[in-house]
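*Asks:* Use the sequences and the hints to build the structure in full.
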Amino acid sequence: MQSPIYQEWVKEERAEAEEKGRVEGRVETKQEDICKFLARRFGIDSAETQEKVQQLTNLEILDNVLTELFVANSLEEAQHVIKEGLNKYLQ
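So the sequence shown is residues 19 to 109, counted in our numbering.
Rather than coming from a laboratory, the hints here were simulated on the basis of the structure.
Hints may contain errors.
What the hints assert, rightly or not - Computed list of lysine-lysine pairs in PhoX-like fashion (alpha-carbon distance at most 20 Å, straight line):
| no. | residue 1 | residue 2 |
| --- | --- | --- |
| 1 | 70 | 29 |
| 2 | 101 | 48 |
| 3 | 70 | 48 |
| 4 | 54 | 29 |
| 5 | 54 | 101 |
| 6 | 54 | 38 |
| 7 | 106 | 48 |
| 8 | 70 | 106 |
Claimed, not checked - DEER-style ranges, computed between Cβ atoms:
| no. | residue 1 | residue 2 | range |
| --- | --- | --- | --- |
| 9 | 66 | 109 | 21 to 31 Å |
| 10 | 69 | 43 | 15 to 25 Å |
| 11 | 82 | 38 | 18 to 28 Å |
| 12 | 33 | 109 | 26 to 36 Å |
| 13 | 27 | 92 | 14 to 24 Å |
The beta carbon of each residue, even a glycine, is placed where N, CA and C say it ideally should be.
*Replies:* Right under this line is the structure:
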């Protein structure tokens, strides 16, 4: 039989792992959404920019990038948005 303290610790660790998995899943989904948007809007020319999106793993920054991309009128503007997101992420 395991001690109550050990059982509580296992329960907390499991909950933390589940939350981490949910966040990672949301990050991956947001990255995919951004890449789909770039591909649809700018085609194959956006491939390099899409690769840079995979470097972003902060959900808040990804949300901001996606919001800003909606008003990007050119691939260059989209690249600037991604670059700004990367700069924020690396700070």
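*Asks:* Sort out whether residue 38 lies within 20 Å of residue 54, counting only the CA atoms.
*Replies:* 24 Å, violated
*Asks:* CA of residue 70 to CA of residue 29, is that 20 Å or under?
*Replies:* 37 Å, violated
*Asks:* Has the given pair, residue 54 with residue 101, been kept, meaning a C-alpha gap of at most 20 Å?
*Replies:* 18 Å, holds
*Asks:* Taking 14 to 24 Å as the hint, is the beta-carbon distance of residue 27 and residue 92 inside that range?
*Replies:* Check failed, 53 Å falls outside 14 to 24 Å.
*Asks:* Taking only the CA atoms, is the gap from residue 70 to residue 106 under or equal to 20 Å?
*Replies:* With a Cα-Cα distance of about 13 Å, the restraint between residue 70 and residue 106 holds, given a limit of 20 Å.
*Asks:* Okay, residue 82 versus residue 38 on CB: inside 18 to 28 Å?
*Replies:* Roughly 22 Å apart at Cβ, these two residues keep to the hinted range, so it holds.
*Asks:* Holds or violated: are the alpha carbons of residue 101 and residue 48 at most 20 Å from each other?
*Replies:* 17 Å, holds
*Asks:* For residue 70 and residue 48, compute the direct alpha-carbon distance and say whether it is at most 20 Å.
*Replies:* Satisfied, since the Cα-Cα distance of roughly 13 Å is no more than 20 Å.
*Asks:* Verify the proposed pairing of residue 106 with residue 48, using a straight-line Cα cut of 20 Å.
*Replies:* 17 Å, holds
*Asks:* Residue 69 and residue 43, beta-carbon distance inside 15 to 25 Å?
*Replies:* 21 Å, holds
*Asks:* Could you say whether the range 21 to 31 Å given as a hint is met by the Cβ separation of residue 66 and residue 109?
*Replies:* 23 Å, holds
*Asks:* Measuring from beta carbon to beta carbon, are residue 33 and residue 109 in 26 to 36 Å?
*Replies:* 30 Å, holds
The earlier numbered hints that this structure contradicts are 1, 4, 6, 13.
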